[in-house]
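Colleague: Protein chains in written order, with this note's numbering: chain C, 135 to 569; chain B, 47 to 245.
It is worth saying that the hints were derived from the structure and are not from the lab. Quick reminder that beta carbons are idealized off the backbone N, C-alpha and C, glycines included. Among these hints, one or two may not hold up.
Covered by chain C, according to a simulated footprint, are these stretches of chain B (three or more residues, beta-carbon under 8 Å) [to be verified]:
hint	segment
1	120-129
2	182-188
So, partial list: chain B residues that the calculated Cβ filter (under 7 Å) puts toward chain C [what the hints assert, rightly or not]:
hint	residue
3	132
4	201
5	203
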Amino acid sequence: MRSRSSCCRRGGRPLPTLLLAFLLAVVLSGCAALRTDFGSVERELARGEPERALAQLEPLAGSRLNQPLYLMNRGMILRLSGDLTGSVAAFEDAKTLVGELQAVSVSETLASWALTETATSYVPPTHEHLMLHVFQALNHLQMGNLDAARVEALQIDLGLRRIDPVRNEAPHGGDAFARYLSGVIFEVQQDWSDAMIAYRKAYQAYQRRNVPVPGDLQRSLVRLADYLELEEERDTYAEAFGITAWTPVDELRQRATVVLVVQDGLAPRLRDESLLVQDPSSGQLIRVALPSLHRRPSSMGTATLSANGQQARVETVEQLSDISDQWLQRQMPLLIARAASRNVARYQATRQVREESPLLAVLVNVVGAVMDNADTRSWRTLPDRIQLARLHLPPGNYTLVTELGGRGGGLRDEEPMSLRGGETVVLSRYWIEAR
Amino acid sequence: MKRLFRLLAVAMMGVGLAGCATQVDRVGTEEPIDLTGRWNDTDSRLVSQEMVEDLLSRGWIARHEGRTGSTPTVIVGQIRNLSHEHINTNTFIRDIERELINSGRVIFVAAGGDRDAIRDERQDQAQHARPDTVNPPGEEAGANYMLTGTINTIMDVEGRTEVAYYQVDLALTSLADNTRIWVGQKQIRKVIRRGLFRS
């Protein structure tokens with residue numbers, strides 16, 4: 135009975151339990167913290183050294199809680215380095231893992247409410263999850279695996295149906311380009327009605343977010359509505375977009391399709407914005423740590439795709455920094471609630487420990503407050519924006535030229551290519567600056 | 047209490063270490079194991095067995111033998127994956143090939159990449175092998191029929207429950223005149239209930 139009273143207090147919680155929880159918090163926060171200087175990864179990418187960027191990323195591989203993040207970044211860096219097979223494998227592993235992480239972990243949820251925000255496995259937000267499928271689809275398209283790209287398009291649709299069974303929409307965006315690309319994939323496989331549905335949903339998504347509808351999507355909507363004899367819908371689109379003439383589908387299917395995808399800049403990074411104050415009555419530290427968004431737009435002005443005199447200028451098809459911004463704004467009430475909850479938990483723990491050992495109580499309070507960081511993890515190798523241009527070319531021999539221009543110069547690539555009717559070629563370029 | 051705490055700590059450590067250990071159990075390849083609800087080796091095997099069984103039980107073989115006096119020669123063409131998941135159609139094609147060859151009722155010729163590799167080897171033989179052992183070009187057996195098909199899915203989602211409906215369509219087409227000799231269909235329906243919690 136005496137020994138019990140010596141280790142317990144009014145609340146009945148044993149001191150060792152508190153210590154155990156405290157130690158657990160230290161361990162968990164250590165697990166989740168990015169043991170990678172991500173800035174060096176980005177610097178290597180900006181220098182055009184993706185292989186070295188991959189080496190810089192490796193320390194993240196050992197982190198169980200950050201495994202999806204590691205795989206997504208690895209997949210993207212391999213993609214940028216041109217190792218599409220490796221990229222497909224990494225993205226596929228990431229998709230499997232992210233699928234498993236959709237279920238709730240009680241221990242991680244409790245830890246995020248009571249101990250620290252970074253004690254949880256990294257579960258990508260919806261827009262990152264969608265981008266995982268988008269870049270996997272682009273990998274498959276570039277490799278000429280049209281059926282595999284189609285699988286990704288179907289997975290995008292299935293994922294959106296899981297999130298929103300009624301409207302099949304992403305809550306804070308990211309579905310517009312995913313749907314648009316799905317339409318392109320269905321169209322090159324001549325699945326006309328699936329393409330029409332995907333284009334239509336893409337159009338609705340762009341409208342919902344109040345961003346310009348890409349001209350190529352506008353033309354695709356009119357063209358396909360015409361082909362599928364949806365005359366009223368065709369006329370509505372034609373009037374809304376001011377399109378008076380278009381190339382019929384029957385003519386386009388005899389041509390080759392060349393798509394240029396430009397990954398412009400790097401997605402915004404999250405920064406820890408902390409407020410640390412001392413409660414004057416108890417002397418306890420109160421810390422509120424929340425993430426803030428830091429955009430990193432690039433100086434890329436424009437990019438063009440040309441082939442033997444025909445030219446298409448890229449259009450922005452997804453502005454990922456805007457989507458991240460919207461996602462963070464929506465998350466903020468929950469993040470604030472969790473930050474408050476952690477302070478209450480820390481306050482109570484410190485108060486209880488103080489009765490046993492004032493020194494230990496100070497330690498619990500100080501270390502707990504220092505450990506309470508905002509979760510600044512995100513898929514940082516995603517682009518700031520995705521741009522796209524599409525050309526429909528008659529069969530023949532071409533020199534495909536891509537030109538990207540921005541501050542400090544430009545990038546020009548020439549690729550001689552023989553194109554067959556019905557063939558699809560996807561070219562990918564990226565523009566990353568050290569910021 | 048201290049003792050209790052130590053015991054608890056040791057127990058937790060034990061649980062933690064046990065969680066890290068890798069365990070491998072050998073199981074028979076016939077034993078169906080569904081981990082994710084996706085298309086798996088069991089689906090591939092069962093579908094190929096049933097469809098080939100159906101293919102061989104129809105009258106087209108007897109008609110071909112009666113007309114030509116020879117065993118029909120079959121080649122497997124493209125089997126497209128139009129489903130919502132990445133399915134390795136090569137393993138499915140291999141399963142079909144195995145069933146067809148083992149039936150002994152048709153002659154089977156290599157297709158696609160296998161054929162290219164064999165042709166390369168034949169070319170190599172022409173250069174490097176002893177003349178009496180060389181297999182000359184132009185002696186390949188031409189197929190009478192080509193087997194093609196698709197794997198499709200329809201997914202229905204409600205909360206954490208999903209119904210995956212797989213439909214495999216195969217068709218055997220005469221290479222002489224494009225007539226469809228046989229069309230087969232096999233469906234699989236899976237109900238996948240995703241857990242709300244993970245460890």
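Colleague: Broken hints, numbered, in rising order?
Modeller: Those not satisfied come down to hint 2.
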